[in-house]
Amino acid sequence: MLSEEQSTTTVTPEQQQEQQQEKSDASSTKAKPNSYYYWHGHEKERAKVGDVAPLPTPFLVKKDATSPTTAAMTYPITKYGWSDGEKAASVYVDTKFEGQESMDAGTLSVEITKRRLVLSYTAIVEPGKTPRRKLLSLPLARPVKPDESSHKVKEASAQIVVRLVKREPSSWFELVSTSKTAPAEDSDDEPEKERPSDSE
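Per the UniProt record's numbering, the sequence shown starts with residue 1, numbered consecutively.
Do not take every clue at face value.
Here are the computed lysine to aspartate or glutamate pairs in the EDC-like style, where the Cα-Cα straight-line distance is at most 16 Å [unchecked claim]:
1. K87 with E174
2. K152 with E101
3. K152 with D104
4. K154 with E86
Quick list of simulated restraints, FRET-style, between CB atoms [said to hold, decoys possible]:
5. G128 with V153: 18 to 28 Å
6. K87 with K129: 20 to 30 Å
7. A105 with G128: 29 to 39 Å
8. D84 with K154: 32 to 42 Å
9. V176 with T107: 19 to 29 Å
10. A158 with V118: 14 to 24 Å
11. S150 with P127: 11 to 21 Å
12. E111 with E86: 20 to 30 Å
Please keep in mind that the hints were generated in silico from the structure rather than gathered at the bench.
Source: prediction; values computed, not measured.
Ideal placement from N, C-alpha and C gives every residue a C-beta, glycine not left out.
Based on the sequences and whatever the hints tell you, model everything.
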């Protein structure tokens, strides 16, 4: 008689086929991760000896151009004030309007010649709206000294104050020249006054 350890078990053909199928599935499942790690590990080893080209470095091919800032439309400054002194005349321009616009301080430009004052700045309006370039250009009735003239901005009210030093101390009855034959901007000549017509 055979002992229990030496006893044989009869395996049917169907059971043999199932066992072979299980072994085949297990070997194929195990081969996939092994092959994956094998090839990646192989590439690393080859890279060490310089057998594999390095990965390409990304670089910028094209960059979308930023849309240019909308050009500011120019609006003439029609409201300003002025005062007269013995040696200088002052011009006042308000730039802050509650709820409407305010001046961008970095855009202020003041140019003074002997016979003209040109002042401009960009006004900040509501978001999404086109900025406004404000311009004041005044032909002066009398000559001034550009080198001694100056301007400043009052912090509290954002008002621009331009001080025009007169070439000769005198009283000005008008700031802006209304003569059609006004002298050139760098001229020291006084504008000609209209002569009254002779009447008999």
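The hints, checked one at a time:
1. K87 with E174: This hinted pair holds, its Cα atoms lying about 15 Å apart.
2. K152 with E101: 19 Å, violated
3. K152 with D104: Given pair K152, D104 holds - Cα atoms ~14 Å apart, limit 16 Å.
4. K154 with E86: 23 Å, violated
5. G128 with V153: 18 to 28 Å: 26 Å, holds
6. K87 with K129: 20 to 30 Å: 42 Å, violated
7. A105 with G128: 29 to 39 Å: Given a distance of about 22 Å, which is not inside 29 to 39 Å, the answer is violated.
8. D84 with K154: 32 to 42 Å: For K154 against D84, whose Cβ atoms are near 20 Å apart, the range 32 to 42 Å is violated.
9. V176 with T107: 19 to 29 Å: Holds: the Cβ-Cβ distance is about 24 Å, inside 19 to 29 Å.
10. A158 with V118: 14 to 24 Å: 19 Å, holds
11. S150 with P127: 11 to 21 Å: 34 Å, violated
12. E111 with E86: 20 to 30 Å: 25 Å, holds
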